[in-house]
Amino acid sequence: MKKDNSDPANANGKFSGENSPSRFLKYSGMAMQMLGTILVFTYGGYKLDEYQQNKVPVWTLILSLGSIAASLYLLIKSFTKQ
Numbered sequence: 001m002k003k004d005n006s007d008p009a010n011a012n013g014k015f016s017g018e019n020s021p022s023r024f025l026k027y028s029g030m031a032m033q034m035l036g037t038i039l040v041f042t043y044g045g046y047k048l049d050e051y052q053q054n055k056v057p058v059w060t061l062i063l064s065l066g067s068i069a070a071s072l073y074l075l076i077k078s079f080t081k082q
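Be aware that the sequence shown starts at 1, since it is given in the working numbering, and climbs by one per residue.
There's no promise every hint is true.
So the derived label-pair ranges between C-beta atoms look like this [to be verified]:
| no. | residue 1 | residue 2 | range |
| --- | --- | --- | --- |
| 1 | Ile68 | Arg23 | 20 to 30 Å |
| 2 | Thr80 | Thr37 | 16 to 26 Å |
| 3 | Met32 | Lys81 | 14 to 24 Å |
DSBU-like mimics (lysine-lysine), calculated; alpha carbons at most 35 Å apart, straight line [what the hints assert, rightly or not]:
| no. | residue 1 | residue 2 |
| --- | --- | --- |
| 4 | Lys47 | Lys26 |
| 5 | Lys81 | Lys26 |
| 6 | Lys26 | Lys77 |
| 7 | Lys47 | Lys77 |
In short, the hints are calculated from the structure, not lab data. Backbone N, C-alpha and C define an ideal beta-carbon position, used for all residues, glycine too.
Using the sequences provided together with the hints, build the complete structure.
Now the structure itself:
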């Protein structure tokens, strides 16, 4: 039977492609960057709403949604660059 090369890991659990571990690190780094950006901007919005004593968390909504949009834009931009 012919071995299927679509699976990046072989029978020993090691990666068969040279770039597999570096791709994993690249994508996990992107995920951590997105998470950090979203958390920092959401926390900043929360603190701004707390400082201004807003009844509706306007800054939290604006900054969290803005950070999600910016993170997705940078993610798509990095995928199209490849």
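Results for each hint:
As the Cβ distance of Ile68 to Arg23 is approximately 24 Å, the hint placing it in 20 to 30 Å holds. The hint said 16 to 26 Å for the Cβ distance between Thr80 and Thr37, and at roughly 19 Å that hint holds. Between Met32 and Lys81 the C-beta distance comes to about 19 Å, which sits within the given range of 14 to 24 Å. For the suggested pair Lys47 and Lys26, the alpha carbons sit about 32 Å apart, so the restraint of at most 35 Å is met.
For the hint linking Lys81 to Lys26, the alpha-carbon distance of about 14 Å falls within 35 Å, and the restraint holds. Straight-line distance between C-alpha atoms of Lys26 and Lys77 comes to about 14 Å, which keeps the hinted pair within the 35 Å bound. Simply put, Lys47 and Lys77 have alpha-carbon atoms about 30 Å apart, close enough for the 35 Å limit, and the pair holds.
Of the numbered hints stated above, none is contradicted by the structure.
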